[in-house]
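*Asks:* Could you put the whole structure together from the sequences, leaning on the hints where they help?
Numbers 1 to 284, taken from our numbering, label the letters of the sequence shown in order.
Please note that a few of the clues may not be correct.
[Unchecked claim] In silico DSS-like pairs for lysine-lysine, Cα to Cα no more than 30 Å straight-line:
hint, residue 1, residue 2
1, Lys237, Lys198
2, Lys213, Lys48
3, Lys213, Lys197
4, Lys197, Lys105
5, Lys198, Lys36
6, Lys48, Lys101
7, Lys105, Lys46
8, Lys233, Lys260
9, Lys260, Lys213
10, Lys197, Lys101
11, Lys198, Lys260
12, Lys213, Lys233
13, Lys36, Lys197
14, Lys36, Lys105
15, Lys81, Lys197
16, Lys48, Lys36
17, Lys213, Lys198
18, Lys233, Lys245
19, Lys105, Lys81
20, Lys101, Lys46
21, Lys260, Lys245
22, Lys237, Lys260
23, Lys46, Lys197
24, Lys213, Lys101
25, Lys237, Lys213
26, Lys36, Lys81
27, Lys46, Lys81
28, Lys198, Lys101
29, Lys105, Lys198
30, Lys81, Lys198
31, Lys198, Lys233
32, Lys233, Lys197
33, Lys213, Lys81
34, Lys237, Lys197
35, Lys245, Lys198
36, Lys36, Lys46
37, Lys48, Lys198
Read the hints as simulated data drawn from the structure, not as lab findings. Here the structure is a predicted model, which means the values were calculated and not measured.
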Amino acid sequence: MKIQKKEIQGHKSHKRSELRSGIQTLTWDQFERYCKEISDWARPYKFKNIYGIPRGGLLLAGRLSSLLQIPQIYEASQMSKETLIVDDIADSGRTLSQINKLNCKTATLFYRRGSIIRPNKWLAEKTYTWVLFPWEKSDKTGLELAVYSSQLSLDWVIGFFEGEGCMIIDKHSILKSGKIHYQPQCNIYQSELDIMKKLFIFFRILGITCRIKDQPSSQQTRMAYSLRIEGFKNCLKIANLFRGKLRCSRRIERFSVWDKFLQTRSIKDVEVYNQSTKTRTFEG
Numbered sequence: 001m002k003i004q005k006k007e008i009q010g011h012k013s014h015k016r017s018e019l020r021s022g023i024q025t026l027t028w029d030q031f032e033r034y035c036k037e038i039s040d041w042a043r044p045y046k047f048k049n050i051y052g053i054p055r056g057g058l059l060l061a062g063r064l065s066s067l068l069q070i071p072q073i074y075e076a077s078q079m080s081k082e083t084l085i086v087d088d089i090a091d092s093g094r095t096l097s098q099i100n101k102l103n104c105k106t107a108t109l110f111y112r113r114g115s116i117i118r119p120n121k122w123l124a125e126k127t128y129t130w131v132l133f134p135w136e137k138s139d140k141t142g143l144e145l146a147v148y149s150s151q152l153s154l155d156w157v158i159g160f161f162e163g164e165g166c167m168i169i170d171k172h173s174i175l176k177s178g179k180i181h182y183q184p185q186c187n188i189y190q191s192e193l194d195i196m197k198k199l200f201i202f203f204r205i206l207g208i209t210c211r212i213k214d215q216p217s218s219q220q221t222r223m224a225y226s227l228r229i230e231g232f233k234n235c236l237k238i239a240n241l242f243r244g245k246l247r248c249s250r251r252i253e254r255f256s257v258w259d260k261f262l263q264t265r266s267i268k269d270v271e272v273y274n275q276s277t278k279t280r281t282f283e284g
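*Replies:* Laid out in structure tokens, this is it:
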């Protein structure tokens, strides 16, 4: 197999070079050209799937998945030695090093000398202190990018949540102090994995940490998967996204109490929420 000169098989780091002060910019046209170059390099390897490291690698993986006609996977546990791992940049190299436990082939758009791992394929060297990617520019908002990447509209996501989602206040007891600790949670249930993957991309592009889980066997009568969003920081982002846009009166009432709890963290709001939903707080 003929390998391009820029492919690097070793993981030895080069002497760290001094970066020039300023911004290095990547345009959408350059991004498309780089994706085609990576796909031309990758095609002879016949990779079975592709994994993009969130968040920067998600867009790159999605575009390469289309060009190479291979599935995109979203969990590191699904990787094999025939997986191509991609990210936007190998800067310190720590992320790639931690993810690539199987010694898979790797590709990035940018590479910085001094990174502890050198990708097998990279397109440009980082020579300035900051790289500005096209999805970080003001011409596309985070929401527009999430819609573009997942091919889901915000109205569709909100409508889907109203039908298949739920808001939870999770109850934990802290053993050392004996105090009760409450954490907000947002779950979406679905039987089709492809839809869950699109929702995963939508939320991850917006910086919302989430995970796809298999439903326990006792709950698999209709919904096989759940997408779980936990913690105040992530749930506040969901609240900001959904606030004022829900249509179902029952959902609006429950959401308003859940939203208030996110902002006040008051136990009284937990009691009001339980009363409005006519259920006890979920105990995890």
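*Asks:* If a hint holds in the structure, say so; if it doesn't, say that too.
*Replies:* The hints, checked one at a time:
1. Between Lys237 and Lys198 the alpha-carbon distance is near 18 Å, which keeps this suggested pair within the 30 Å criterion.
2. A distance of roughly 23 Å separates the Cα atoms of Lys213 and Lys48; the hinted pair therefore holds under the 30 Å criterion.
3. Taking the CA atoms of Lys213 and Lys197, the gap is near 11 Å; set against the 30 Å cutoff, the hint holds.
4. Distance hint between Lys197 and Lys105 is fulfilled; the C-alpha atoms sit about 23 Å from each other, no more than 30 Å.
5. Between the alpha carbons of Lys198 and Lys36 the distance comes to roughly 23 Å, so the proposed pair stays at or under 30 Å and holds.
6. Among the hinted pairs, Lys48 with Lys101 is consistent with the structure: their alpha-carbon atoms are about 17 Å apart, no more than 30 Å.
7. Pair hint Lys105 plus Lys46 holds up; C-alpha atoms about 11 Å apart against a cutoff of 30 Å.
8. Of the supplied pair hints, the one linking Lys233 and Lys260 holds, its CA atoms being roughly 14 Å apart against a limit of 30 Å.
9. Note on Lys260 and Lys213: the hinted pairing holds, with a Cα-Cα distance of about 27 Å set against a maximum of 30 Å.
10. Pair hint Lys197 plus Lys101 holds up; C-alpha atoms about 23 Å apart against a cutoff of 30 Å.
11. A distance of roughly 29 Å separates the Cα atoms of Lys198 and Lys260; the hinted pair therefore holds under the 30 Å criterion.
12. A distance of roughly 20 Å separates the Cα atoms of Lys213 and Lys233; the hinted pair therefore holds under the 30 Å criterion.
13. Of the supplied pair hints, the one linking Lys36 and Lys197 holds, its CA atoms being roughly 24 Å apart against a limit of 30 Å.
14. In summary, the hint linking Lys36 to Lys105 is supported, as the alpha carbons are separated by about 17 Å, within the 30 Å threshold.
15. For a cut-off of 30 Å, the pair hint linking Lys81 to Lys197 stands: about 22 Å separates their Cα positions.
16. Between the alpha carbons of Lys48 and Lys36 the distance comes to roughly 18 Å, so the proposed pair stays at or under 30 Å and holds.
17. A hinted pair counts as satisfied when its Cα atoms are at most 30 Å apart, and Lys213 with Lys198 qualifies at roughly 14 Å.
18. Distance check on the hinted pair: Lys233 and Lys245 sit about 20 Å apart at the alpha-carbon level, within 30 Å; holds.
19. Our distance criterion of 30 Å between C-alpha atoms is met by Lys105 and Lys81, whose separation comes to about 8 Å.
20. Only pairs whose Cα atoms come within 30 Å are accepted, and Lys101 paired with Lys46 is accepted, the gap being roughly 20 Å.
21. Distance hint between Lys260 and Lys245 is fulfilled; the C-alpha atoms sit about 16 Å from each other, no more than 30 Å.
22. Distance hint between Lys237 and Lys260 is fulfilled; the C-alpha atoms sit about 13 Å from each other, no more than 30 Å.
23. Distance restraint check for Lys46 and Lys197: the Cα-Cα separation of roughly 23 Å lies within the 30 Å cut-off, and the hinted pair is therefore satisfied.
24. For a cut-off of 30 Å, the pair hint linking Lys213 to Lys101 stands: about 22 Å separates their Cα positions.
25. For the hint pairing Lys237 with Lys213, the CA-to-CA distance comes to about 21 Å; that is within 30 Å, so the pair holds.
26. Of the pairs offered as hints, the one joining Lys36 and Lys81 holds, with about 23 Å between alpha carbons and a cut-off of 30 Å not exceeded.
27. At roughly 12 Å between alpha-carbon atoms, Lys46 and Lys81 fall within 30 Å of each other, so this suggested pair holds.
28. Restraint check for Lys198 and Lys101: the C-alpha separation of about 26 Å stays at or below 30 Å, so the hint holds.
29. Simply put, Lys105 and Lys198 have alpha-carbon atoms about 25 Å apart, close enough for the 30 Å limit, and the pair holds.
30. As the CA atoms of Lys81 and Lys198 are separated by approximately 25 Å, the hinted pair is consistent with the 30 Å bound.
31. Taken as a hint, the Lys198 and Lys233 pair is honoured in the structure, with Cα atoms around 21 Å apart against an allowance of 30 Å.
32. Pair hint Lys233 plus Lys197 holds up; C-alpha atoms about 22 Å apart against a cutoff of 30 Å.
33. Distance restraint check for Lys213 and Lys81: the Cα-Cα separation of roughly 23 Å lies within the 30 Å cut-off, and the hinted pair is therefore satisfied.
34. Among the hinted pairs, Lys237 with Lys197 is consistent with the structure: their alpha-carbon atoms are about 19 Å apart, no more than 30 Å.
35. Of the pairs offered as hints, the one joining Lys245 and Lys198 holds, with about 21 Å between alpha carbons and a cut-off of 30 Å not exceeded.
36. Among the hinted pairs, Lys36 with Lys46 is consistent with the structure: their alpha-carbon atoms are about 15 Å apart, no more than 30 Å.
37. About 20 Å separates the Cα atoms of Lys48 and Lys198, which keeps this hinted pair within 30 Å; it holds.
Figure legend: structure checked against the earlier numbered hints; every hint is met.
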